[in-house]
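Chemist: Chains as they are written, first to last, in the numbering used here: chain A, 1 to 417; chain B, 418 to 834.
Calculated from the structure, these hints are not laboratory results. Every residue gets a Cβ at the ideal spot worked out from N, C-alpha and C, and that includes glycine. One or more of the hints may lead you astray.
[As the list claims (entries may be wrong)] Short, incomplete list of chain B residues facing chain A, as computed with Cβ under 10 Å:
(1) 641
(2) 667
(3) 758
(4) 834
[What the hints assert, rightly or not] Straight-line distance between alpha carbons at most 27 Å, and here's what the computed DSSO-like set of lysine-lysine pairs gives:
(5) B:612 to A:209
(6) B:630 to A:195
(7) A:195 to B:612
(8) B:626 to A:195
(9) B:612 to A:213
There are 2 protein chains.
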Amino acid sequence: MTNPAQLITDMGNKARAAFLTLSGVTDAQKSTALISAARHLRAGAATILEANGRDMESARDRDLSDAMLDRLMIDESRLEAIAAAVENVAELPDPVGQIIDRSERPNGLMMERVRVPLGVIGIIYESRPNVTADAAALTLRSGNAVILRGGSEAIESNRAIFEAMTAGLAEEGLPENAIQLVQTTDRAAVGAMLKASGLIDIIIPRGGKSLVKRVQDEARVPVLAHLDGICHTYIGKDADQDKAIAIAVNAKMRRTGVCGAMETLLIDQDYPAPGPLLRALIDAGCEVRGDDMIMELDPRTVPADADDWNTEYLAPIVAAKMVRDMEEAVAHIAEHGSHHTDVIVTEDSAIADEFIRRADSAIVMHNASSQFADGGEFGLGAEIGISTGRLHARGPVALEGLTTYKWVVRGTGQVRP
Amino acid sequence: MTNPAQLITDMGNKARAAFLTLSGVTDAQKSTALISAARHLRAGAATILEANGRDMESARDRDLSDAMLDRLMIDESRLEAIAAAVENVAELPDPVGQIIDRSERPNGLMMERVRVPLGVIGIIYESRPNVTADAAALTLRSGNAVILRGGSEAIESNRAIFEAMTAGLAEEGLPENAIQLVQTTDRAAVGAMLKASGLIDIIIPRGGKSLVKRVQDEARVPVLAHLDGICHTYIGKDADQDKAIAIAVNAKMRRTGVCGAMETLLIDQDYPAPGPLLRALIDAGCEVRGDDMIMELDPRTVPADADDWNTEYLAPIVAAKMVRDMEEAVAHIAEHGSHHTDVIVTEDSAIADEFIRRADSAIVMHNASSQFADGGEFGLGAEIGISTGRLHARGPVALEGLTTYKWVVRGTGQVRP
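Could you put the whole structure together from the sequences, leaning on the hints where they help?
Modeler: As structure tokens, then:
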């Protein structure tokens, strides 16, 4: 058996070669290949469901939790959703070749910045086998080669989906190595991917916090990800009371397990109706952990300790704090936030603009629920992840975040004096 | 004495605080502060030249080379150029606050991507003290805080320039810690900067190859840089012969020590006049190291060995090779290039477009000299460096490359269904 480092080097070299070939492929070819891949996913339903059945069986033998089994499971309707998502990506506008800007220099040189694919992308993910199709489709649509490494519990399902995808590519004459799947379950392969500088251009982890943390800690290759979503909602003194209640309850309670869920509620001390706001949250089933001023407002609140301000609950719990003013809200977010999504609720647009300028988050919202933090809701048509890093791409990332640019200089024989 | 790791942590924390304060500063304030800094540079001429005199004296005692002494030296006209460059940056358009794109969603949410500063930037450089002013001006203009770490041989000059710059900031009420200088010459401070994840957002090395290599190898913080500039010029079969000669000679010989200098010449085997092209280069004083087919064309050529295709000479030497066609030229560049600047000379615009699409370089040029690879020539008004990395910013980088974006979502109370 090949050692994992050698395996990843070989796959990286094949990916780079495929990437070079892809640069000669048209938008239409990439799109058609994905539609063909979706067809192969549907045609291969029996094989895919059977492979998934084997994964489910081993997972039950290993006593995986119901939540994990549910993430792993594929049935006919889920497979149809996977195929439809691939077709959806095929229809998204191709960012490659877009001219970002153009200017002519006095010497007649024409300078253009043109969008090009990033290169070779590594995706490291856990149990959901739909990521195999989804990530492969997004990376291919944007002209990249991809190396996929899914969870060992989903290996059979991933392999079956992967084979349908590459059959689609082959049918349209695209390089099959544009999509590769790491077929060993040896965890050392992940380590090798994380260190494959020069072969893999960026790693995108998809999964729980422990996976993301390991990737961020060990990677020598740049990582696009978010570790925490400690999202704040600040209720300004001039907030509309109905909006404040609707937004806070939705931001916390619509789905508590998503990264855009509110984890900390900051209430301006001059906001006139904090009581009804807390009541609405508690009535909706939320535990409110407050500072002293909050605790005085409702006997059902419980005391917050220092850790609460740094905690991503992903549960019906919120930390709540009274702040003097917007300035203190921004300072609290700077100290405790995770640069994901932070919200101000106010009818004062000057204060809103100042908050928007000062809050150093990938997404800053005014009068909206932080649960909108999602590529689909942003109109990106899809999402490969949300980035809380500052470089390259920030917030929800879809096709454009999987591209870079090159400078194209068009001359007529100019030489530099 | 503080240990270097603690020193960098302290400076990083001060820089982050200054960065937060800077987010409340207007374009006009940043610009005025730089004009004020330029005034302080001129007013402090005696102090700066005296400090530089001390550096020059120690450098002579340590027998530094004439080239290094020249890089280190500041006289009145060089100081005037440094001050004028700071004023020039003050007049560049501020990228911060620019709206990159905007769209309205069906639910009425308005999505904007707005340019914001990157954060805290670390600059690690060698003997040229002008970088102290130059890099500080560019980072401040784009709203960032900066930690500067210059070469030990320039410490007195750097300190004097740094003090003039921060005096300018203080005069306009800007946070002085927006610009900080590492004042120890302990090299461990560089190591600490390279590992300061979470405190420093990006490191930009400015200097020779050994500095850049150390930074790239050791950094845990992202690095914006180029290591090599192995630039190719491919003479297509339909190249105009006069343009081919003018471009090749200029690309190689105008200045041989710059990163945009041509290092490899690829000649299409169907180009009808390779002899005069080689003759022009040799007559201009260039050594031509060729493959067998090149060697047959001129007795003054010498044989190239395998290393020549991977060498950045930075000298009047060029490696020259006959290629079958554009395809082979692109493959050669993919194998041996450094993703910096590559050029095609041809009158066939279809072939030019194909080359532009296929050559995976930060800068791809058609019918122009690779020596134009420079931020000033690109109309950026300045340059903090050239990046051969693929993420974030590519090619010549000025103010825009020192920014990122945030998503601003403007609502009227929307909650997610």
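Chemist: Hint by hint, which ones does this structure get wrong, listed from lowest number up?
Modeler: none
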